[in-house]
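Visitor: In order, the protein sequences belong to chains U and Y.
Just so you know, we're using our numbering here: the first sequence kicks off at 223 and counts up by one.
Just so you know, we're using our numbering here: the second sequence kicks off at 3 and counts up by one.
Treat the hints as calculated values from the structure; they're not laboratory data.
Take the hints with a grain of salt, since some may be wrong.
Claimed, not checked - Sample of chain U residues at the chain Y side, in silico, Cβ under 7 Å:
#, residue
1, 226
2, 227
3, 228
4, 230
5, 237
6, 243
7, 288
8, 291
9, 292
10, 299
11, 300
12, 306
13, 311
Keep in mind the model is a prediction, meaning the values are calculated, not measured.
In this text, a Cβ means the ideal position worked out from N, Cα and C, and glycines have one as well.
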Amino acid sequence: MSHIIDRRLNGKNKSAVNRQRFIRRFRSQIKKAVSEAISGRSITDIENGEKVNIPAKDISEPVINHGPGGRREAVHPGNKEFTRGDRIPRPLGGAGKGNKASNTGEGVDDFVFELSREEFLDFFFDDLELPNLVKTKLAQQVEHKWVRAGYTSDGIPSNINVIRSMRSAISRRIALRSPYHARLREAEEKLELLLLTQGETDPLVLELREEITFLKRKINCIPFIDEIDLRYNNRIKQPKPTTQAVMFCIMDVSGSMGQSQKDMAKRFFTLLYLFLTRTYEKTKLVFIRHHTIAKEVDEEDFFYSRETGGTVVSSALELMHKIINQSYPTSDWNIYAAQASDGDNWSDDSPLCRDILANSILPCLQYYAYIEITQDDHQSLWREYLKVKEMYENFAMQRITGPGDIYPVFRELFKKQMA
Amino acid sequence: MSNYLSTGSEWTFGLLKKYETAIAEIAGEYHLKTYPNQIEVITAEQMMDAYSTVGMPLGYHHWSYGKQFLNVEKRYKRGEMGLAYEIVINSDPCIAYLMEENTVMMQALVIAHASYGHNSFFRNNYLFRTWTSADSIIDYLVFARNYIRQCEERYGEEEVEIILDSCHALMNYGVDRYKRPPRLSADEELVRIADREEYLRLQHNEIWRTLPPKPVPDEEDFEELFPSEPQENFLYFIEKNAPLLEGWQREIVRIVRKIAQYFYPQRQTQVMNEGWACFWHYTLVNDLYNRGQVDDGFMVEFLKSHTNVLFQPDFDHPYYSGINPYSLGYAIMTDIRRICENPTDEDKQWFPKLANTNWLKQMDFAMRNFKDESFIAQYLSPKVIRELKLFSVLDDDQDNHLVISAIHDDAGYQHVRHALSEQYNLGTHEPNLQIYNVNRRGDRSLTLRHMQHNRRPLGSNIEEIIKHLVRLWGFTVRIDSVYDNGNVELTHECRRDF
Chain U
223 MSHIIDRRLN GKNKSAVNRQ RFIRRFRSQI KKAVSEAISG RSITDIENGE KVNIPAKDIS
283 EPVINHGPGG RREAVHPGNK EFTRGDRIPR PLGGAGKGNK ASNTGEGVDD FVFELSREEF
343 LDFFFDDLEL PNLVKTKLAQ QVEHKWVRAG YTSDGIPSNI NVIRSMRSAI SRRIALRSPY
403 HARLREAEEK LELLLLTQGE TDPLVLELRE EITFLKRKIN CIPFIDEIDL RYNNRIKQPK
463 PTTQAVMFCI MDVSGSMGQS QKDMAKRFFT LLYLFLTRTY EKTKLVFIRH HTIAKEVDEE
523 DFFYSRETGG TVVSSALELM HKIINQSYPT SDWNIYAAQA SDGDNWSDDS PLCRDILANS
583 ILPCLQYYAY IEITQDDHQS LWREYLKVKE MYENFAMQRI TGPGDIYPVF RELFKKQMA
Chain Y
3 MSNYLSTGSE WTFGLLKKYE TAIAEIAGEY HLKTYPNQIE VITAEQMMDA YSTVGMPLGY
63 HHWSYGKQFL NVEKRYKRGE MGLAYEIVIN SDPCIAYLME ENTVMMQALV IAHASYGHNS
123 FFRNNYLFRT WTSADSIIDY LVFARNYIRQ CEERYGEEEV EIILDSCHAL MNYGVDRYKR
183 PPRLSADEEL VRIADREEYL RLQHNEIWRT LPPKPVPDEE DFEELFPSEP QENFLYFIEK
243 NAPLLEGWQR EIVRIVRKIA QYFYPQRQTQ VMNEGWACFW HYTLVNDLYN RGQVDDGFMV
303 EFLKSHTNVL FQPDFDHPYY SGINPYSLGY AIMTDIRRIC ENPTDEDKQW FPKLANTNWL
363 KQMDFAMRNF KDESFIAQYL SPKVIRELKL FSVLDDDQDN HLVISAIHDD AGYQHVRHAL
423 SEQYNLGTHE PNLQIYNVNR RGDRSLTLRH MQHNRRPLGS NIEEIIKHLV RLWGFTVRID
483 SVYDNGNVEL THECRRDF
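Using the sequences and the hints, build the whole thing.
Guide: See below:
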């Protein structure tokens, strides 16, 4: 007797739980490996998973075995030139030692495996936090989800709850029968007593017999299930709280910003965006680029169109202030901003920037991060911003010189504040 | 008019059934007794899942299986390893997994190999018959999985994981090597007491009364050992005697122990089991060919796979990692048939009871009644030793040279055979470590004894193992080493608060 069964459609992720357990258990090692993998290099494809190395000895499962030493004999195949009594100098190291040492040798390698994107980001942003997460307002567009909410007495047939319906049917039957049952029991007892003394033809006996038949019929008439018994699963809509955030990306696109600097800025913005999407269910992006005048653009234009000209940073800040006032009331939105620039600014403009930031923008913002991508000395903008930094806690500034700095700077900006 | 079962390499469920029936028919003619077969077709991903739970169709959850899975997945994706073509489970019905990617030839090979070769081995070999109950293993695994999940819900995943980690570390020392005698019923107990009294009465002899009385050992400095005899099954001892374990923890120890016991025969019959299965897939598929049921292309492909499986790299080959059990087992199995059918003078001298007898009966006997160690000692012939060019190397750390102790010549056959047999003896393979004593009146510490053999010391991860033992036992654990010269020395100690 043989059966052939097609199991291909069965779930294939039987090991998912075990995999999770593994990752949970070696959390600290994996985290270390992730940050090592990141710190050395730039983050172009952070979207993908990451290969992770863990030293094999950290995760080995011990078994009881023999250690090296002592006297042991091993049989091997493929003898070529040996004869009995040959003496061979003992080879160095494990390889070819003539026993199992050679195949356990591979255990020394690191344990390498791949994290999925989700898992990777989890580790990547682990112990980072968004500062000032106080204002997490419900989104305007309320989303709904269906939740169970007990049972109702009307609904559509597909929602009938059989157990509940049968339960109320039973209780109704018991309830409706009980008076008849009581009378029936009484009548039957009387009849029994009567029959001890009287014959079948006694009028009283006849009367009792009639009553018993009547009561039995009554009891049988009670329906097994009635419409009033039916119960339906009830589901109601519940508003699902969603939080939303808007992120302003401000970038200097004047002639002094080269493609490589823009690239670094882009990576920084990508990181911030990924980070925000993990905290907020809805994250909107506003791109503002500026040279002497600022413009709200789409992503493509933001990163790739070329512009030349001088630099007036305040134009961008003014535009941002305007957009906040028009479309993103602070009561509804968590607002974040990141500005990337090479530090170049028309020097008379820098104090103006400080004013706009300090007086109109920062009060509405959750967080403002300024990164300066340059290897040159700081200019007026940096100095003015330093003053802002002293006034506001939700303002942060860092300098990036090469792609390798992006991740450390990002971590520095969003590192968990010790309570 | 050809009667090929199929041409081409694609398989269908109809074809699988046809091949299965054809193979079953031939297997029937060879009197192969098997459990009913349940052949399941699965995908590569599912195969990786099956892999990572060491072939248990339903395992409880544990991180080590996750680690295994990640490892298999990585190596498979990088192309460092192919997946096995099949996994077969010792259960009734016998479940064999076939991979979707296989060609029709491969599926036929696997059906012959797993569903008839391994299956009949599982059903008939004495170790499997003694230690595993194929009809209840699946139910037990379901129970184990549910029980452990409930424990996780009730006591927390971490708590359960800790216990499982410790049990896994001791898993190889969680098996019974001999059946425990069954519990006697009260009646049987009475009969036994009566028998003993009767025996003592018969032995009574007045002369013993004339002997001077033995000095009674002083109660103070004589403490009876507990357990009264050394115990080799650590997990059993812990399950029954660990002072601090909760009921559910004992049950988990028991689950791991039961599963270890279930796999115990497989660890002891690798060579035989694979040799037997290879012998039968080769014989069965060749018979298909001889009956004209498969074409030449099928056979060429089959022989290629067959030789790949049996490839044995030489000791100096870069791929060499010990003796390939498939190759050794197959060589001995085919050799038994050869000795029965066409014995040479040498064979007649070495195997007088095999020569010119019914090969089917002899092989059946060999399959039923041996394990690797005894099988090699019994059936490894000079011819196979010569063909594999086996030689034996003595590695003694007191000598700075390795010594070739025997090669494939007249003087060496016996020695090689003995050495190879020892190599498969789990008893020498694993350190001889036994539970020796519990300090019942004092600190409840547990003492283990390691009987050193050939001066081989314990591996370095005994330090980890002893921590696991302490975790389960709950009190200090010590290991005494007993050297070849009889000296005893305390070599390892781990206190409770490690």
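Visitor: If a hint holds in the structure, say so; if it doesn't, say that too.
Guide: Each hint, compared with the structure:
Residue-level restraint check for residue 226(U) holds (minimum Cβ-Cβ distance to chain Y is 5 Å; threshold 7 Å). With 7 Å as the threshold, the beta carbon of residue 227(U) comes within range of chain Y, its nearest partner Cβ sitting at about 5 Å, so the hint holds. This hint holds: residue 228(U) has a C-beta 5 Å from the nearest C-beta of chain Y, less than the 7 Å allowed. The interface hint given for residue 230(U) is met, as the beta carbon of that residue sits about 5 Å from the closest beta carbon of chain Y, less than 7 Å.
Given the 7 Å rule on beta carbons, the hint for residue 237(U) holds: about 4 Å separates it from the nearest Cβ of chain Y. Look at residue 243(U): its Cβ gets to within about 4 Å of chain Y, closer than 7 Å, so that hint holds up. Taken as an interface hint, residue 288(U) checks out: its beta carbon lies about 5 Å from the nearest beta carbon of chain Y, inside 7 Å. With its C-beta approaching chain Y no nearer than about 5 Å, residue 291(U) sits inside the 7 Å limit, and its interface hint holds.
With a least beta-carbon distance of about 3 Å to chain Y, the hint placing residue 292(U) at the interface is held under the 7 Å criterion. Given the 7 Å rule on beta carbons, the hint for residue 299(U) holds: about 5 Å separates it from the nearest Cβ of chain Y. A distance limit of 7 Å between C-beta atoms decides the matter here; for residue 300(U) the minimum to chain Y is near 3 Å, and the interface restraint holds. A distance limit of 7 Å between C-beta atoms decides the matter here; for residue 306(U) the minimum to chain Y is near 6 Å, and the interface restraint holds.
A cut of 7 Å between beta carbons decides the hint on residue 311(U): the least distance to chain Y is about 6 Å, and the hint holds.
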